[in-house]
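Sequences listed follow chains Z and A, in order.
In terms of the working numbering, the first sequence opens at residue 65 and continues consecutively.
In terms of the working numbering, the second sequence opens at residue 818 and continues consecutively.
Take these hints with a grain of salt, some might be off.
To be verified - Computed far set for chain A versus chain Z, every beta-carbon distance over 10 Å:
1) G853
2) T882
3) P895
4) S932
5) L1018
Stated by the list, open to error - Covered stretches of chain A, as calculated for chain Z (at least 3 residues, CB under 8 Å):
6) 873-881
7) 884-891
8) 898-904
9) 974-985
Don't read these hints as lab results, they were simulated from the structure.
Since the model is a prediction, treat every value here as computed from it, not as a measurement.
We put the beta carbon where it would ideally sit given N, CA and C, even for glycine.
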Amino acid sequence: MTDSVSRYDTPGGRGKSNTPVQDVGNIVLSNRLFYTCMIVIGGTYVLLIVALLLADAWYVVEKTAVAAADSADPWKSMLTDNPVSVALADPKIQYSIRLSLLSCTLSAVLSVIVAVPIGYILSRHAFPGKRLLDAVLDIPIVLPPLVVGLSLLILFQFRPFAYVARDMVYQIPAVVLAQFSVACAFAVRTMKSTFDHIDPRCEQVAVALGSSRAQAFGWVVLPEASQGVMTAFTLAWARSLGEFGPLLIFAGATRMKTEVLSTTVFLEMNIGNIEAAVAVSLIMVVAAVTVLIITRVWGSRETVL
Amino acid sequence: MIQLDNICIQAGAFALKNVSFSIPAGGCGVLMGRTGSGKTTILECIIGLRRVSSGSIQICDRDVTRLNPALRGIGYVPQDGAMFSRMSVRDHLAFALQIRRTPGKQIAERVDELSTLLGITHLLARRPAGLSGGEAQRVALGRALSFRPNVLCLDEPLSALDSDTRHEMCELLDTVRQQTQVTTLYVTHSPQEAEILGDRLLRLERGRIVEHQPLSP
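Chain Z extracted, bound-state conformation:
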């Protein structure tokens, strides 16, 4: 027993069990400290996120209370005079909500349609220039948003784009295109990592069983990737909702025309209407969180089945 222990303790010194094993110190305390640091550092950021949202909500609650106190019928006033209700009643903001929902959905759908083939090719095939292509696809993510907008504007000075510039620039299609340009890059990243995580063996089996590449993709790979497609869609949707810089330059900020929710916040802030700006921000928070929840619930249900 002693012999076998000493052999492991002092490599090379077989039989000499005199050298004491070096103490590793207080491992329990060290481990606790490690996790405390991890939790404190991580927790700070989580708190920041929660605090941000709470501050918005609290601001609105405070304004509601003020409105209710001034009114003769406090309960009715609470429902109708709170900043969110006021914002929702404004036809300009109603228009902005409708355009946001429409343009974000369109741009997210387009993003997924484009991201699936790019992600698949990048994930499955090696070809010359692949690293370059991979880097190019990251450009919209790293480029300053204003530059994306300006570049789009400049692009539409040139033919063949110039032919449609009248119907695009400062029009609704520009909103979708500006959102799509950036959102799609995020969808591509998501789809690539989704396909990276799907075992290529499944496709190989499908091909050996007699299916064409398209059949293997449609019957085997795409169903496996469905959750990734949903994630890509959500990400692109949320990204589009938050898009602002490119929109301002490429689509403009014309009320009742190219005004989306982020533009509304900007316009309301500009005229000093912070209440409306915060109310619209809250509407955006609710929209983003709803989309997040829907996809998460959908995603987890899919895995259970």
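Following the hints, put chain A in place on chain Z, whose structure we already have.
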């Protein structure tokens, strides 16, 4: 039958040179060798998932060296099963037949026949997620056999199973092989499996095939 003539394979730093062997129609060749010796690589070349740099591969007297894997008619059972997670067991068995646009009635008959043969009738409605290792391999085997392939290629199909299940599966494989008379190439590193299943033993040693005497009939 499966015949390989002077196959050379280059895959990065790994290379196999002048590999030749043949498995007669209805026979079962067992390809053995250490991990990393290139067993799976050879199997992938036969199936068509990997290109050979030279040499020829013939299946049932047809040169398939440059043929698309989908046209080779090989049933493939990979090591980990590679189940299609979004399909039911029934869909797995029907997959190759649906691809071939077989009428629904014939597909149903074939699924019945196969699931009875493999003892997976009670699993038909299930998804692969809940299946045990042995069950998954039965489904993978059924999927590979469904379109009555000329050749069946199995890549260490039992390596992830416990010894009892492995023995049971081994006997099942032997039964299936005798019933279907399908030419089989079986990759394994287990001598027991080789003994039960193989009638031609091929050992891959330092990039060369060493053929052993046929085992007891």
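Quick rundown of the hints versus the structure:
The claim that A/G853 lies off the interface holds: its Cβ sits roughly 18 Å from the closest Cβ of chain Z, which is beyond the 10 Å cut-off. Under the 10 Å C-beta cut-off, the non-interface status given to A/T882 relative to chain Z holds; the minimum distance is some 16 Å. With a closest Cβ-Cβ approach of about 5 Å to chain Z, A/P895 is found to fall inside the 10 Å limit, against its non-interface label. Residue placement check: A/S932 keeps its beta carbon more than 10 Å from all beta carbons of chain Z (closest about 17 Å).
Against the 10 Å criterion, A/L1018 stays outside the reach of chain Z, whose nearest CB is about 25 Å from its own CB. Taking a C-beta to C-beta cut-off of 8 Å, the segment 873-881 of chain A contributes 0 residues in contact with chain Z, too few for the three needed, and the coverage statement is violated. Given a C-beta distance limit of less than 8 Å, the hint that chain Z covers the segment 884-891 of chain A holds, as 6 residues qualify and 3 suffice. Beta-carbon proximity to chain Z at under 8 Å applies to 6 residues in the segment 898-904 of chain A; the threshold of 3 is reached and the given coverage holds.
Only when three residues or more bring their CB closer than 8 Å to a CB of chain Z does the claim for the segment 974-985 of chain A stand; here the count is 0, and the claim is violated.
Hints 3, 6 and 9, counting from the list given before, are not met by this structure.
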